[in-house]
Amino acid sequence: MTAQSAHAAPALSDRQRRMYRGSFFLFIIAETMIFVTLFSTRFLMAYSGHPDTVNQMNGIIVTALLVVSLWPMFSALSRARKGENAGNRLWLTALLGAIAIAFVVYDWATLGFSVGSRYGETYVLSTAYHAVHIALGVVGLAAVGSLARQGNYSAENHWPVEAGAIFWGFVVLTWVLLYVIFFQM
Amino acid sequence: MTETSATRAVENERGWFDAWAPMLRAALWAGIGYFGASWIVAMLTGMRIDTEWPVVAGYCFGTAGWIPGGGAYEACVKPWFGYPGTWDEGAGIAAYYRFHTGHKMIGMQYVVTATLTFLAAGLFAMAMRLELATPALNVFGDAQQYNEAFGVHGSLMLFAVSVVAIVGGFGNYFVPILVGADDMTFPRLNGLSWWFLVPGVLAILLSPLVGGFQTGWTGYEPLASTDAAGQDLYYLGVFSLGLSSLFTAINIIATTLYMRAPGISMRKLPVFVWAMLVTSVLNLLWVPVIGTGMMFGLADRLIGTHFFDAQGIPVLWQDLFWLFGHPEVYIIMLPAWGLWLEIIPVFSQKRLFAYGWAVAGMLGVMFLSSYVWTHHMFTTTSDARLVPFMTTTELISIPTGFMYIAALGTLWQGRVRLRTPMIFALMSVFNFLIGGFTGVFLSGVPADFQLHNTYFVVAHFHYTIIGGMVFAWLAGMYYWFPKYSGRMYNELIGKVSAWWVFLGFNLTFLGMFVAGFDGMNRRIAEYLPYLGGINMWVSIWAFVLGLGFAFALLNLFFSSFSGEKAGENPWGGKTLEWQTASPPPHGNFAEEPVVEGDFYTYGPDKAAGGAG
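Those protein sequences? They're chains A and B, same order as listed. The first sequence lines up with residues 1 to 185 when you count with the working numbering. The second sequence lines up with residues 1 to 612 when you count with the working numbering.
Honestly, the hints are just simulated from the structure, not real lab data. In this text the structure is predicted, and so the values were computed from the model without any measurement. Heads up, a few of these hints could be off.
Facing chain B, a subset of chain A residues (Cβ under 10 Å, in silico) [unchecked claim]:
hint: 1; residue: 15
hint: 2; residue: 16
hint: 3; residue: 30
hint: 4; residue: 33
hint: 5; residue: 36
hint: 6; residue: 117
hint: 7; residue: 118
The beta carbon of each residue, even a glycine, is placed where N, CA and C say it ideally should be.
Hey, can you work out the whole structure from these sequences and the hints?
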């Protein structure tokens, strides 16, 4: 770590904060279109219903890990809003995300149905796309966490923490939808 | 890599090697990434190096080497992890050959890349016309090579030229200036977008080296799932180009919404910016859909899924493709309409007619364009979808007509100056009328059943894309040339090249309409001898057209070195880009502009500087 990075980022004006939030929302719209495509393809290819061999326990574990990870995430955000150090909580969020990826990968390795089946192909593609998003979130939160530990953020400027929270909220929400669509329908 | 301005001045004197050093490093890292990854995968799997897995791994790691190699490592990756960003953006000509965050540099990177891609893909078209000059196969080795040629031509022209040249080039360069901003909202994201463009172009251009793809630019299944490894490069290349478009779209929307100078309300926004905003909304919504479709196709070939082959739903690919593919047609045309309506008032010296209607028309096209995609699939889809999509397709000509109302109303009783940009713009208006009217024919289901897959369709979409978009692009290249180069082009050569291109274009593609009516199918290398005459006609004029494009672009190339110095405002334009130096300085304006009047008030009562 170099010395320069200990400077806190300059305060954001209201206009800048609006601009960053609005633009990040554009990014979330584009991401939403990806999952709209994935989920509607699942119903086009395989209608509703799922094979009995789907690993329900694994699905519940991943869902639980991701939902629980919302707590350190939003706790980190509220600390950052007060100008307190949010680094450890961001790292905890990233850790829970990384464990969730491990369970998803384990699930692919022990898949109870064929990748070539109509349900299987949409399942694998959707979980893979989602795992990429978890991974992006993990790398991003880890990076933001290490910057937060160095004291880069303040109550006036903690935009990266907020962006991480929005993205992570999106990732968890899409997983819950994915869980309902692939494990329960 | 930390450099002060003093060492930078020394470096500039060290010549071309230092100017090119970041690009060379990018190429080196890309080469190591590509060949290293594909060789390792080939070793591990025992596959040949030009087969699927090695090619896919090579492309991914090659791109992962190329982008940081050009400077994104120092400029983006290190700051993200808390290290100081130490990237030197260079000065003078060297700034173009490296990762750069200035919107004007990025705009020019896009313009030059799109122009070179246009010429490369044009050469493929010339080879195809040489083949089609005679009925027998005598230029290409076999019909598969011909298929690869039109696949490369179509994919590059659609995904890397027509959706990139105006949106990435002029959009990046002029949207911030037109709204009075100093740069885009996210300069680093913007810098990255161009670096995704180049691997996409190269993947498609070089795909014949690993077997090419036989499907043409539409990638229809199930042929695509049995094709050579070039098909993987098609999927990955289009995916990269999509990322590039997506980054640009986010930046353009954010800049337009949040970075406008005081006094520019949405009701005063220049029409070109409106067009770019609407285009970017379409990009934002539909590029992710085609990207996901591309990944489905790739999974079919790599991990044994069956989305689109005979066990899956081949027509689902067509739905996903055209869900993006038809909005894409308007992603191509909306910026061109913006250019018409930007150029015509300046050279008519008259207020833009029906500004509100033009904007309403753009929004109408934006909404309707997402509900017309099935008209590409009339011969493959269910009967229940025919009439609804025929209706929406015919409806979209109404908001399109608003552009004509605005263009013709502005010309009416204007004091028209027929300079080269105006000539190109008016030619685009004329050509797109033919393209649009023949589109109305094709939107009718009975006519489409007859004309589907013939050269009538080929002529129709070349009339909209070359006739509409490329002519408007050339109009924009000539219109803004004094601004981005600081020099004036040669007017006589400009006018000659405009008429040369216009003549070559219309004689080529009117001939294709005739060939289509006579029964000439598209995507065939050999045809029945009775079609020989019309095909020879088309080929001859196609070569004339190709030379004309080269002539028009060479005029700009040489003028950028030897043209006379142009002032700030050679055309007497009222929009903000003409109120600053040519080319604009870093930050665009000496101080943040404040706009009081509106941009389209011309006339004797309000003297426009330099008009005459």
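Please name the hints from earlier in the document that this structure breaks, with their numbers sorted from lowest to highest. none
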